[in-house]
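Residues per chain are reported as follows:
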Amino acid sequence: MHSERAGLGLRIAALGGLLFLHLPILLIFLYAFTTEERTYAFPPPGLTTEWFAAAWNRPDIWEAMALSLKVALIATLIAMVLGTLVSAAMSRATFFGREQISLLIILPIALPGVITGMSLRSAFGMAGIDFSTLTIILGHATFCIVIVYNNAVARFRRLSGGVMEASADLGANAFQTFWHILLPNLGTALLAGGMLAFALSFDEVIVTTFTAGQQTTLPIWMLEELIRPRQRPVTNVVAMIVFAATFLPILAAYYLTRNGSETAGGGK
Amino acid sequence: MMAHHSRSGANSDAAMIAILPERGLADRLTGLFWRKPKLLLALMITPPLLWLGVVYLGSLAALLLQSFYSIDEFSGMVVQEFTLKTYAELLRPANYDVIFRTLLMAAAVTVGCAILAFPIAYFAARFARGRWKAVFYLGIMLPLWSSYLVKVYAWKLILAKEGIITWAAEATQTSAVLDAILTLPVIGGNSLSTSYIGMFMVFTYVWLPYMILPMQASLERVPASMLEASADLGATRAQTLRTVILPLAMPGVIAGSIFTFSLTMGDYIIPQIVGNSANFIGMAVYQLQGTAGNIPLAAAFAVVPIVIMVIYLWLAKRAGAFDAL
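Protein chains in written order, with my numbering: chain B, 1 to 268; chain D, 1001 to 1325.
Calculated directly from the structure, the hints in this document are not laboratory data. Worth double-checking, as some hints may not be accurate.
[Unchecked claim] One side only, chain D facing chain B, incomplete, derived with CB under 10 Å:
| # | residue |
| --- | --- |
| 1 | Leu-1091 |
| 2 | Pro-1093 |
| 3 | Tyr-1096 |
| 4 | Val-1150 |
[Stated by the list, open to error] Sample of chain D residues facing chain B (criterion: CB under 8 Å; computed from the structure):
| # | residue |
| --- | --- |
| 5 | Ile-1045 |
| 6 | Tyr-1056 |
| 7 | Ile-1115 |
| 8 | Lys-1151 |
| 9 | Leu-1208 |
| 10 | Ile-1273 |
| 11 | Gln-1289 |
The structure displayed is predicted, hence computed values, not measured ones. We put the beta carbon where it would ideally sit given N, CA and C, even for glycine.
All chains should be built: construct the whole structure from the sequences, respecting the hints.
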């Protein structure tokens, strides 16, 4: 119906906007190779790869990365189990309090992170819980549930109830139906949700600063460098690593779900 | 019953399969779930509800409770008695300024995002087809999800006095324009990275995708027939835009503004890294609970965005913004 083309002004504005979204990130890659140590001078006076070796030999970076990976993996697993359960329940039936539960699930990301962080901080303080890796995971898993939920609930909606009934009619019990029918059908949606949750957790800094105490995750390491820059070239390399650790799972999630009616990442 | 089937010849095998004996616990549970679907529902929903209820709602309750406590001015200890004293402190000029400044920035960022987002969302919704559709989808989605800190860091590089903007201004002989912008009262500063303009730019950049997506969703739902009708009735492009497209895109704009407003209001990383170190709500919460050790006042500060967002969401719901999410 619309054979008409977009006006030149609109095309320039739209493509310009898209470039505006991407060019700043590309700059990170350039700066990772700069020979300039003390300022953010542009253009870089020269290019070098020595900072990659320098970053590689830094135990503090490895420790921060290990903690971030551990937190992200455990939080993602918890979120995948809880998110799948709640999406299964929500897609099955209408029951009393359904609306309230869906509000409760999205609340941790609907409210600004500082509120989630400050709330957890108050609760830990009142309950006398000391900061530990567990307190970080507790916070991360909470806001990751909604990511898994969003992906799984869309797939459940598309999945017809017929296949489950067919499975039961053929003599499968509930667990066999879950393993052979439900899980393969949910597979890519769950995987996509898990990857997005991992990316979100690996990169999270706002809630983490309230629940980490003295521990340093990779984003917290970066934040300290941002506030008081001490080793700019190494920070540039770390920024690249953090970017890759979030970018790749997101891309994978997109390719896992792009053929479905629901594509991953619609709601963050 | 079995005897009955065995007499009916050819059907008997099928019947035997259909009425298998229970093979253990798994089958018995399956039967139980079949007879009592509510039980299965309860089993599924209890763990996530317990988690969210205890960890999240419990924490929110703790926050609310803390905000009604106060701090003893002499000992610095938290007094665990109900009082409105802490909330009254929010109205002190210094604290009131923090709230006002944050709301002003959140409003400015929301308007900035809406203006930048519109052409992208409009093009993606109406003109992008096939390959370009995918390009726009990924082009909006990837910046939305990619690392928040890395994006802020990239802008630290861009806005630095020795950074790419200064270089570009020199290369294009427009340094005078840049300097003129920086000498503006209040919003200007020593360099872009220490001014309100710089902070506004970073906020607008990081939250822009949150505005594009709902805007695009609502624009995709504008029926093409309406645009044709508008053209048939003699409207120019600008008139169609103003009287047909924009009003129909409004729910999307409002939905997007929920994100941009809420995210700006709660952020404390960007004002810490870019800008003139003026205080914002998020920063106040962070500093009060940390170095200052005044958890009740930090909690009271954190309640402010909650109250504002509840009002905002209520107004947005009345404007029909939730259909665009």
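Self-check item: Structure-inconsistent hints, enumerated in ascending order
Solution: Going through the list in order, the structure violates hints 1, 2, 3, 7 and respects the others.
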